[in-house]
Amino acid sequence: MILPFANIEYFIIAFISVIILLAAKLFFSRYISYNSVLLFLSAGFIVFYYPKPIHIGLFVIYSYLIYYLFNNIIKAKNKLLGTIILLLPMILVKSQIRVHYYPYNLSLWMSFAGLSYISFRVVSIYIESKSGSKPVNFFRYLNFLLFTPTLLIGPIDRYNRFSKDLDKGYENINADNFAKAWDLIVLGVVYKYVFAEIVDRYWLNYFPADSTGILNMAGNMYGYYLYLFFDFAGYSSMAMGVGKIMGIDVPLNFNKPFLARNPQDFWRRFHKTLGDWLRDYFFMPFYKYFTKKKSLKKYPLLRQNTALFATFLLMGMWNGFTANFIISGAVFALYSVVHNSYVYYSKKSGRDIFFGNLDEKYVKWISVFIMFNLAAFAIYIFSGRFPYL
Amino acid sequence: MFKKIFIQKLIPLVIAVFTGLYFFQDIAGQENEKTKDVENEIKKIYHLANYNQNHSVETVVSALKSENTIFLIGSSELGTEATRIAARPDLFFQKYQTPLSVVMLGHDGNQCMSVYAQFLALNKYLKNSKISIIVSPGWFEGHFAYGTSLDRFLEYNNESFINKIFSDNEIPGYFKDYVAEYIYEKRNDFVSPSVLYKKIICEYKSKMNIANRPAMYPLLRFYDLQKIPEKDLVNKKMIIVYDKKHTAETFINWDSLFTEAVNYQKSISTNNNWGIYNEYFTNYVIGKAGKEEIYDIDDIVELKDFEMILKLFKYYNADASFIIQPINPYAYKNLKDYKPVINSIEKLINDYNYPYINMFVYDTSDYRTGILTDVMHFGEYGWLLADKFLIDTYEKQ
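Top line first, the protein sequences correspond to chains A and B.
All residue numbers for the first sequence refer to the working numbering, where the first residue is 5 and numbers rise by one.
All residue numbers for the second sequence refer to the working numbering, where the first residue is 954 and numbers rise by one.
Calculated directly from the structure, the hints in this document are not laboratory data.
Be a bit skeptical, because a hint or two may be false.
Claimed, not checked - So the derived list for chain B, only partly shown, Cβ under 7 Å to chain A, looks like this:
hint: 1; residue: Arg1140
hint: 2; residue: Asn1141
hint: 3; residue: Ala1168
hint: 4; residue: Pro1171
hint: 5; residue: Leu1172
hint: 6; residue: Phe1175
To be verified - In the DSBU-like style, the derived pairs of lysine-lysine whose C-alpha atoms are separated by at most 35 Å in a straight line are:
hint: 7; chain 1: B; residue 1: Lys1152; chain 2: A; residue 2: Lys56
hint: 8; chain 1: B; residue 1: Lys1139; chain 2: A; residue 2: Lys56
hint: 9; chain 1: B; residue 1: Lys1180; chain 2: B; residue 2: Lys1160
hint: 10; chain 1: B; residue 1: Lys1152; chain 2: A; residue 2: Lys98
hint: 11; chain 1: A; residue 1: Lys56; chain 2: B; residue 2: Lys1129
hint: 12; chain 1: A; residue 1: Lys81; chain 2: A; residue 2: Lys292
hint: 13; chain 1: A; residue 1: Lys98; chain 2: B; residue 2: Lys1180
hint: 14; chain 1: B; residue 1: Lys1244; chain 2: B; residue 2: Lys1180
hint: 15; chain 1: A; residue 1: Lys298; chain 2: A; residue 2: Lys365
hint: 16; chain 1: A; residue 1: Lys56; chain 2: B; residue 2: Lys1244
Glycine included, each C-beta is placed from N, C-alpha and C at the ideal position.
Please model the complete structure; the sequences and the hints are all you need to start from.
Shown next as structure tokens:
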């Protein structure tokens, strides 16, 4: 079966899809809308090529019904319960629940490739909808959720932004976008199939993953960081490219993360759409909740840090309920808490409490160096190659 | 703009792809050449775990072709060597002067679908070949009842086997389709399937309904561009002669061997009265539930796979037989639940008119110590009963 960007077959299908879109624009645009063609292509891909199409179909119907129930019938102002119910299939799958009288994990019933990312997009629609507002059109909802280039691992788009591209219709199918998309696809191919492959074969394979020798650990740590970047950024770039050819401006996901100066900056550069999603739908509600607590009014730093810690811990758990994911989330949380405290006290005292009066140029490069190593270490834990876990 | 894209981007890509494909095929071709140069003489082998060993396919084909050799196929019992194994057929038939030899193959997980596909690939050698299958009740219980795992299937049926099945025009379509359906059902379990498996999956899907045909068409045409090299399964120069010089039937004192085997099992099972050797009883029996889930007969995929083996044997006129292993009735408390399964197995074998021995018992009073060495693998006495069955079935012919 075919997963986006996982094999050459996907590119063949994408190529045929683009031909169909182009033909629809040139010959049938009067009779058939861009939205319909896009939905036809996405649904066709899911039905004919994607693994477990029935599972996806059932999830999409389930999520729309829950969204409609909470947003338009119950008209819940507090979005927490609705969000949890929308995320429930993902939580159950990650929990790997098994009962003694059935030979497989229950997740087998619910899981499908891309469940996490589709759940994120569903939650964003629900939270961004004003309670009681007109529900999102079901066909546009389908178009948003099933858009194949971002189906598997993002980038995580937002409905309102996606919807604007849908409204442009065939306008985005043009030669200018083709040229830009081509460069993105080529960049993605080089990143994912050349650089990531080289790092995997000739770097990571060189260092045994279970060794506790310092050189082996360092080799694994930096190697995996580079591998993850090239693999994921390559995928994201291809998703942007194919999305652009098909008329959708998929948001940027990676922007030179090795140059990040601090944790906040890192999440604006590395898997940016996840960082933004977590900020908007976890950090902000947490922070607002704590702000309303009278007992915490006097402790703004504590409020911020608690919200930060909870957000990153959740991010770790989202990857799976195993030690490497949870601890890597906690480590990223710790970085953010320390950095946030540093910024808070620096502002409060009116001076940089760590670097003092050091030249800004040196501060920048020292910060980049520190953040590079901190990120590499947290991702090393995440990788499952860290030998002490 | 489109012209610019065509000249600057598309043409270089096409050149790069075709250059890549050219070199890839060149390298693949060189690898095939290398495998041709092999030695012609090989040793006799009597026990194979799978086909990964050198000359294993030639060994199996030789056994199938030989008039006086029984090819015995089974699963985990063939790999159990914790206790004495002198009575195991591969060794027993070498030791005693019978005109028969036994070549056996298998280890845990070699269930019906795996066995079926192996024989389907080797269909040319099935006619009149002496084949015996050790049927393990464990195949039909718990998650094993859902059929052979993909890992084991691929271990026993490498690409040459699968390619042989799907490129052999003499194999009836319904035999092929059964394998194709299995591969299709397991499509999500493949880590990185080769072109051969992708093609089988797409072809099967395109046959499922008319809507799938246009969707699968471009992929099938793409797979057709990538030639799958056809290789002979067997190096025909390397056939082993298993036939022994015909010796006068040596008298085997079965009663004495049986008594000795039972006594041996008792001597190694001193910490229990269930006839399970001490170490196994301590490590795997104490504190265990002693119960496995048996599903409804219609839900047991393994039974359907088993019937396909029988159909295959009948179609190709194989001289087959079956040995049904028991389960230790002391260790398992729900053996009555197995009754429909064992009855179905017996009925199927009878329907196809093949000889068999059924050692399965439902009650402790019918069980004799030594048939099993643990809870579901033959002990010395069990192997002797199997040996006797094979001699009774094949030596008289």
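- With a cut-off of 7 Å, does the beta carbon of B:Arg1140 approach a beta carbon of chain A closely enough for the hint to hold? holds, 5 Å
- Item | Holds or violated: B:Lys1152 to A:Lys56, with C-alpha atoms at most 35 Å apart | Within the cut-off at roughly 19 Å; holds.
- Holds or violated: is there a CB of chain A closer than 7 Å to the CB of B:Leu1172? Because about 6 Å separates B:Leu1172 from the closest Cβ in chain A, which is inside the 7 Å limit, the hint holds.
- Query: For the pair supplied as a hint, B:Lys1244 and B:Lys1180, is the alpha-carbon distance within the 35 Å limit?
  - Reply: Given that 35 Å is the threshold and the Cα spacing comes to 50 Å, the pair is violated.
- Query: Can we keep the B:Phe1175 interface hint, with Cβ of chain A closer than 7 Å?
  - Reply: holds, 6 Å
- For the pair we were handed, B:Lys1152 and A:Lys98, check the Cα-Cα distance against 35 Å. holds, 32 Å
- Message: Just to be careful, I want the Cα atoms of A:Lys98 and B:Lys1180 compared with a cutoff of 35 Å; is the pair within it?
- Response: Not OK: A:Lys98 and B:Lys1180 at ~41 Å, beyond 35 Å, violated.
- Hey, B:Lys1139 versus A:Lys56, does the alpha-carbon distance stay inside 35 Å? Answer holds: B:Lys1139 to A:Lys56 is near 12 Å, not above 35 Å.
- Against chain A, with CB atoms and a cut of 7 Å, does the hint on B:Ala1168 hold up? Holds, about 4 Å.
- Does the structure keep A:Lys81 and A:Lys292 at a Cα separation of 35 Å or less? Judged against 35 Å, a Cα distance of about 14 Å means the pair holds.
- Query: Going straight from one Cα to the other, do A:Lys298 and A:Lys365 come out at no more than 35 Å?
  - Reply: It is violated: about 42 Å lies between the C-alpha atoms, which goes past 35 Å.
- Within a Cα-Cα threshold of 35 Å, do A:Lys56 and B:Lys1244 meet the stated pairing? holds, 33 Å
Comparing the model with each numbered hint stated earlier shows that hints 13, 14, 15 do not hold.
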